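*Asks:* Each chain, written out:
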Amino acid sequence: MERTISFTLNGKAAAVKTDDERILLWVLRSDLGLTGTKFGCGEGLCGACTVIVGNEAVRSCATPLKAVAGKRVMTIEGIGQNGLHAIQHAFLEHRAFQCGYCTSGMIVSAYALLLKTPRPTREQIVRHMEDNLCRCGSHVRILDAIQEAAGAAQAGV
Amino acid sequence: MAESLVVQGEMKRRDFFEVAGAGLFVFFGAESVEGQEPGRLPGRQSGPADFNAYLKIGADGRVTCLAGKVELGQGAMTELAGALAEELDVALDTVDVVMGDTELCPYDMGTFGSMCTPLLWPAVRRAGAEAKAVLLEMASERLQAPVGQLQVKSGSIRQLGKPSNAVTYGQLVEGKRIERHLENVPVKAAGFAVIGTSPMRKDGVDKVTGKAEYAGDIVLPGMLHAAILRPPAHGATLKSADTSAAEKTRGVRVVKDGGMIAVLHERPDIAVEALGKIKADWENPPTGPDDKTIFEHIQKTAPQPRVVGQSGDLAEGERMVGSVIEETYLNSYVAHAPMETHSATAQTEDGKVTVWASSQAPFQVQRAVASALGMPAEKVRIISRYVGGGFGGKTEADQGVEAARLAKITGKPVQVVYSRQEEFFYDRFRPAAVMRIRAGVAGGKIVLWDSHVFGAGDREANPFYDIPHKRVTSAGGWMGGNPAGMNPFAVGAWRAPSVNSNTFARESHIDALAAKAGMDPLEFRLNNLTNPRVRRVLETAAKQFGWKAGRAPTGRGAGMACGMYSNACNATMVEVAVNRGTGAVQVKRVVMALDEGLVVNPDGMRQQAEGCVIMGLGYSLAEEVRFRNGEVLDTNFDTYQIPRFSWLPKIEIVLVDNPETPALGGGEPPIIAMGAALANAIFDAVGARLLQLPMTPERVKAAVAKT
Numbered sequence: 001m002e003r004t005i006s007f008t009l010n011g012k013a014a015a016v017k018t019d020d021e022r023i024l025l026w027v028l029r030s031d032l033g034l035t036g037t038k039f040g041c042g043e044g045l046c047g048a049c050t051v052i053v054g055n056e057a058v059r060s061c062a063t064p065l066k067a068v069a070g071k072r073v074m075t076i077e078g079i080g081q082n083g084l085h086a087i088q089h090a091f092l093e094h095r096a097f098q099c100g101y102c103t104s105g106m107i108v109s110a111y112a113l114l115l116k117t118p119r120p121t122r123e124q125i126v127r128h129m130e131d132n133l134c135r136c137g138s139h140v141r142i143l144d145a146i147q148e149a150a151g152a153a154q155a156g157v
Numbered sequence: 001m002a003e004s005l006v007v008q009g010e011m012k013r014r015d016f017f018e019v020a021g022a023g024l025f026v027f028f029g030a031e032s033v034e035g036q037e038p039g040r041l042p043g044r045q046s047g048p049a050d051f052n053a054y055l056k057i058g059a060d061g062r063v064t065c066l067a068g069k070v071e072l073g074q075g076a077m078t079e080l081a082g083a084l085a086e087e088l089d090v091a092l093d094t095v096d097v098v099m100g101d102t103e104l105c106p107y108d109m110g111t112f113g114s115m116c117t118p119l120l121w122p123a124v125r126r127a128g129a130e131a132k133a134v135l136l137e138m139a140s141e142r143l144q145a146p147v148g149q150l151q152v153k154s155g156s157i158r159q160l161g162k163p164s165n166a167v168t169y170g171q172l173v174e175g176k177r178i179e180r181h182l183e184n185v186p187v188k189a190a191g192f193a194v195i196g197t198s199p200m201r202k203d204g205v206d207k208v209t210g211k212a213e214y215a216g217d218i219v220l221p222g223m224l225h226a227a228i229l230r231p232p233a234h235g236a237t238l239k240s241a242d243t244s245a246a247e248k249t250r251g252v253r254v255v256k257d258g259g260m261i262a263v264l265h266e267r268p269d270i271a272v273e274a275l276g277k278i279k280a281d282w283e284n285p286p287t288g289p290d291d292k293t294i295f296e297h298i299q300k301t302a303p304q305p306r307v308v309g310q311s312g313d314l315a316e317g318e319r320m321v322g323s324v325i326e327e328t329y330l331n332s333y334v335a336h337a338p339m340e341t342h343s344a345t346a347q348t349e350d351g352k353v354t355v356w357a358s359s360q361a362p363f364q365v366q367r368a369v370a371s372a373l374g375m376p377a378e379k380v381r382i383i384s385r386y387v388g389g390g391f392g393g394k395t396e397a398d399q400g401v402e403a404a405r406l407a408k409i410t411g412k413p414v415q416v417v418y419s420r421q422e423e424f425f426y427d428r429f430r431p432a433a434v435m436r437i438r439a440g441v442a443g444g445k446i447v448l449w450d451s452h453v454f455g456a457g458d459r460e461a462n463p464f465y466d467i468p469h470k471r472v473t474s475a476g477g478w479m480g481g482n483p484a485g486m487n488p489f490a491v492g493a494w495r496a497p498s499v500n501s502n503t504f505a506r507e508s509h510i511d512a513l514a515a516k517a518g519m520d521p522l523e524f525r526l527n528n529l530t531n532p533r534v535r536r537v538l539e540t541a542a543k544q545f546g547w548k549a550g551r552a553p554t555g556r557g558a559g560m561a562c563g564m565y566s567n568a569c570n571a572t573m574v575e576v577a578v579n580r581g582t583g584a585v586q587v588k589r590v591v592m593a594l595d596e597g598l599v600v601n602p603d604g605m606r607q608q609a610e611g612c613v614i615m616g617l618g619y620s621l622a623e624e625v626r627f628r629n630g631e632v633l634d635t636n637f638d639t640y641q642i643p644r645f646s647w648l649p650k651i652e653i654v655l656v657d658n659p660e661t662p663a664l665g666g667g668e669p670p671i672i673a674m675g676a677a678l679a680n681a682i683f684d685a686v687g688a689r690l691l692q693l694p695m696t697p698e699r700v701k702a703a704v705a706k707t
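One line per chain: the protein sequences are A and B, in this order. Numbering-wise (the working numbering), the first sequence opens with residue 1 and increments by one. Numbering-wise (the working numbering), the second sequence opens with residue 1 and increments by one.
Isolated chain B, as found in the complex (with noise of 0.2 Å):
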């Protein structure tokens, strides 16, 4: 029954409620993995790591890997996919994989942190080898032959010598429901079919196809398109609204909950200009920082700082310095501005409700609705196929809260597609930051730095230089816990979180220090530098770059920066031109190193190399929310510039050979180093060092004024 409905790769939803229905299962607990720092994993990921997740063997022979994880675009799907195929010894075709529903598939903390890599594969990869050693076991009994002379391939089971005496998966399961568990099944430790290739991706044709499914795609019978008053600016209040004219348009039904007003109508467009005719009285917010004034307040309103990083005696390390230099560096709020807008569908059935949403972490969307219903959760089912688009911006789904809540209230399926506008409004951009470094050279050598981070966060601020008098402290970030109004609206994760901010500023320092001391900024980093990985991605972009050494400025527009990332290093080195009359500044070459362990699937990860360096060119060059009063003045691409074709550098990604360190995440180490590379090769070109992100053709013909 179930088998018929899983066909190539493609499932129906429908069908998804039938996939657990019959086949072997195997059940594997989680392990302490390696490589793996724990203290970089978020907060909320610590304690026991519960990421079980299963596979599923139909009687057709076809394989589902069911996985809690999401299908943001990073290529997980084809990833996971490949670990079953690798381990089960079946074509990566016959591998179907179910993503991110929480009826189906095993508990995901959320998809986020380049986790899916390090965590999730290793395990589906042992699921996978433990199902084969069933199997094996099964076919053995069913075959009368030794696990011993038992030869795998493509599915099928044969005895060697022997072939007619065969057995396939399908037939092994079909009919029945077998547990069974078998202790410390080894993965494969070489001989890979699929590791170490880049198969098509298993998203593919529905993606080129217009047919891959988001959570706006969703069609229903009697669905009602929700549109919702919003206010003008965070922290404004509704004094008054009259929807007499909203519910006069035919078709148009409005719903008043709990400080929720929302327009339904089955055509979304009708919804959105009904909602127009609302007449709403807001009370503004009490005057509050813009972007101009932010980095003032955020020093003002930030906790007592942490000490994150300590060695030595700053005051030792004052005595021994040559020269010092103090600076200050600041980083902007920027939007996460995925394509799809935060969507989605909501039905409720039968006391269950069902929410197809946009969401990064479906098991929390699923607590959020059920607390918002009232409602346990195991009757809330949240489904996460594709979607378009996260870079941590999708954690929370409040668009799936306001979905269930307004299906629950008229009894009809509801969708809720955020419209840019709101989408720029409610991202949890990720928060501005200040830096401030003091920091001094003595005889080529680092002997102090004394450093400040306000409001990114404490990751990558401790710097991994040889450093013998340093301190480090930290006050608020992007995680939360931040005082009331530090920020005047919420943040959040954004692509490498924290580490974009600490990397521009500690890798522009190090540049200034360089130029201070005479030096070349390869040469002074690797003399203040015995981190082997790091020496190595550093020296491995120096050869493809052609690194020419010279004490900067040179004019020659080359800059690098380096960086670590949950255990992946990344050197970046890149060239510019900058136009000293416009201030704009053309990105001619990017080359990236990158160690991340065993490279599962080379394209794959040069595919998150490349996307790193484009959004990372947005982030260094153009991107910046700007505010005033709460009311968030960039609400689309007309003002917010994300990079477009004309950007695009030569791009060049090197990825060094390290398969001795487990596989690790790729969707963020790349980002981490494009803000320093670009300033200090700006300051190559001109000799204008700049010290806020982004650097917009304003700040830098501002900064070459000065020189």
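Looking at chain A on its own, in the form it has when it is part of the complex (with noise of 0.2 Å):
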């Protein structure tokens, strides 16, 4: 059905009149021209996509627009938006990517574990991290990045 979805996005208000079944994803990337949330496999199964809506880490590919009617959605364009974030700094320092294709949604799904776990166990990342698809095989640096940030986060950096 064509109507006017309200939501936050990135903080700030957000509409956009459209079939309100369509799927998330395109309308963040083709609609609102949010690129850095990247198309992977289409179907929730890598994580390339993931946003969070609310206090939650989702798969944009697999959300349709309604889903998020009134609710706050972030995106990679929403971490950092005043300097680098915790989770950022430390994917640089351990260089925690390579083609950087998963690393929107490597970053956002980190972002969303630490919202409610701030200090995870390894154990945890790693569940929470488990569905997040990297290639390039920079899984341990991501790991380490995300375990490091949650300490400089903690300590108030």
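Hints listed in this document are in silico derivations from the structure and should not be mistaken for laboratory results. Accuracy of the hints is not assured; some may be wrong.
Below, simulated PhoX-like cross-link-like pairs (lysine-lysine); rule was C-alpha separation at most 25 Å, straight line [stated by the list, open to error]:
#, chain 1, residue 1, chain 2, residue 2
1, A, 66, A, 17
2, A, 17, B, 248
3, A, 17, B, 445
4, B, 211, A, 12
5, B, 701, B, 588
6, B, 445, B, 516
7, B, 277, A, 66
8, A, 71, A, 17
9, A, 116, A, 12
10, B, 548, B, 650
None of the values given here were measured: they were computed from a predicted structure.
Can you join these two chains into the complex? Each is in its own frame, and there are hints to help.
*Replies:* Take a look at the structure:
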């Protein structure tokens, strides 16, 4: 059904008039021009399209637009708007990326984890990140970066 | 003008047009490169090496490196910038890099074969060295001081003892276009500022902020997204297609051109939805092989074998042997599965076409687009700036041709982004392969080796062990030239092509021979190997691993394998735990010693090696493309499992110090020994030899049941 869906996007009010069954990923990328959120599999299997809705990491490729009506949505563009976030710093320091295509989803997923679990154990990080796929094999560095960022955020950095 | 557009390592697309407008240009010719055996280069690279590159120094003193290779994630952008920073004596953060742009960058065959470090990097270094020498000459004239009295620091040249007599690179080239050549300018021999360090990556901030633009992130005014009708199976032919329902969707345009049916809309998801309304009637292909019958099929259909290694006399070897082992090893089709699917955005303007394409070889795409559109190549510009993984799978870029054709037909910018299903369907898989080996030992020495590889290709088929009587043949491979129908779909280069299959077979067989001879696998290898570099990585890895000598199976679950690729040497040792009930293999630890020659960027090399360990877990334990009658059955990450966080072993990479050997490519050599090291570790754990990759729980369980 075509209607106007309003939500908060990266801290600002957003409204899109379109078919409300359309997939959030494509509305973000195409209608709203936020291309930091990536398409990887189209079925919620790889995590490249991860965004935060409320406080939850969700797969935007498997989320209809209507599901975010009235909610807070955060994409990679919303993280570190006033200077890089601790997670982004840690990803840089650890070179926790190669091609970078999964990186937005990794950082957004990690951000969601730290929202709920500010001091996760290694096992908790692994469990939370398990369905975010990386083909270049940056996994060890990504875990290290998230662990370090959690520590830095705790220390108020 | 141009200079003001080049800011802090970040350039807007538009600005690429202006970059080459002014400044100092240093051209340099190709030279033969030491340390890279021509025979190991892919065939397409043969002939005169034409990898000219050039650099530019702007009036603001910023340096721009222009390189035809592509940043796939391997860190080439940082490495190439470092080459110029090193030789020009400028800060790394004042060097910008433009890569993979056919209009701005010098010709490059493609980013594959681990060639960036051994071939392009030294060339860029030489360019930097030559540029600095030219600038010193110019400064000498400007400052009225002999070159010998000049000192360079951070792009500023000053007279020793008279620091006020100074000029910057930027001031020297401002408003001028100077072309000078100097012959045989040496590169720095010592006192490195960048080489041997691990600087921050130039692509880092773009990537952690989501600002890195991939081919599917390009947004152009009026752009349409195309969804293209695809066959259900390779070899299927379209009998009829009713597009009327799709055409009724508001805003949709359907294009039919030369067998292609495309649905276009300004929103990608609406184009895909409309595509689903096309009623297509396909004629299925005749029955063909599946993933079980393929190995028989390949041996039957392979071309005439070629002898790729021979010594002594096999009959003599047969007379000498005390014991013989004969085995057939199998390897499956494997997908590249980069996280970014093949993507392209094309625009036609004023008789020119520009295509942003996720490609490892933009100059090859340029030719393909020019040919498809009937345009001269100079009217076609390909830009491959950031590419979301390649691994060999983005050497061809058919989606770039499709986007260009549709842009020409519609007169609008067109974007094509493959779905994950299209990505699997059109992937040029690593070919399935059969390796038959008959080998024998006498007195702890391998005296006989008779091997035949089908389908993989001949790289590293010829063992580097000292074997007096051997014959090695190879039939068919990844590079093409296979008889039609041998592979039911296209195959191609997959990270270290041929070598993963050949190393798996050879090193598995070496362990089998060692076990039969009652010898420790390390001792057995060293007993049959004089190559000092391979011996050294083996000994280094063994020390790091804490290898305990023993005759497999010891029950410890430790395994090793070694190999070579493009002159780099690799020894890999692993520790596994095997669940006899389920067949599941948990890899606990991977130790890898690498001889990569001079290591330009130690952390960059480690990144490649870690990536190879993890990708190697995939092809060794899980990845296998299943298919039947031309239909690819694995089309997404639900059934095609790639490595995940929970799979991670403890990874220890040791880079052996060998600065005397020129820098070697690092993207492929670390992956080659994973299959055999794991197979040998599984044997050591449970006494079952796995002869087929991937070693899935089902296969491990079946092999354990046979022991």
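*Asks:* Hey, residue 701/B versus residue 588/B, does the alpha-carbon distance stay inside 25 Å?
*Replies:* holds (19 Å)
*Asks:* Would you mind confirming whether the straight-line C-alpha gap from residue 116/A to residue 12/A stays at or under 25 Å?
*Replies:* At roughly 22 Å apart (the allowed maximum being 25 Å), residue 12/A and residue 116/A satisfy the hint.
*Asks:* Residue 71/A and residue 17/A were given as a pair; does the straight-line alpha-carbon distance stay at or below 25 Å?
*Replies:* holds (16 Å)
*Asks:* Assess, step by step, whether the Cα of residue 17/A is no farther than 25 Å from the Cα of residue 248/B, and give holds or violated.
*Replies:* holds (21 Å)
*Asks:* Measure nothing beyond the straight line between the CA atoms of residue 277/B and residue 66/A; if it is 25 Å or shorter, mark the hint as holding.
*Replies:* holds (23 Å)
*Asks:* Quick one, are residue 548/B and residue 650/B close enough, alpha carbons at most 25 Å?
*Replies:* Distance ~19 Å between residue 548/B and residue 650/B Cα, so the pair holds.
*Asks:* Within 25 Å, alpha carbon to alpha carbon, are residue 445/B and residue 516/B?
*Replies:* Since the Cα atoms of residue 445/B and residue 516/B sit roughly 12 Å apart, the hinted pair holds (cutoff 25 Å).
*Asks:* Has the given pair, residue 66/A with residue 17/A, been kept, meaning a C-alpha gap of at most 25 Å?
*Replies:* holds (11 Å)
*Asks:* Given the hint that residue 17/A pairs with residue 445/B, test it: the Cα-Cα distance must not exceed 25 Å.
*Replies:* Roughly 76 Å separates the two Cα atoms, so the pair is violated.
*Asks:* Are the Cα atoms of residue 211/B and residue 12/A separated by 25 Å or less?
*Replies:* holds (19 Å)
Violated hints amount to a single one, hint 3; each of the other numbered hints is respected by the structure.
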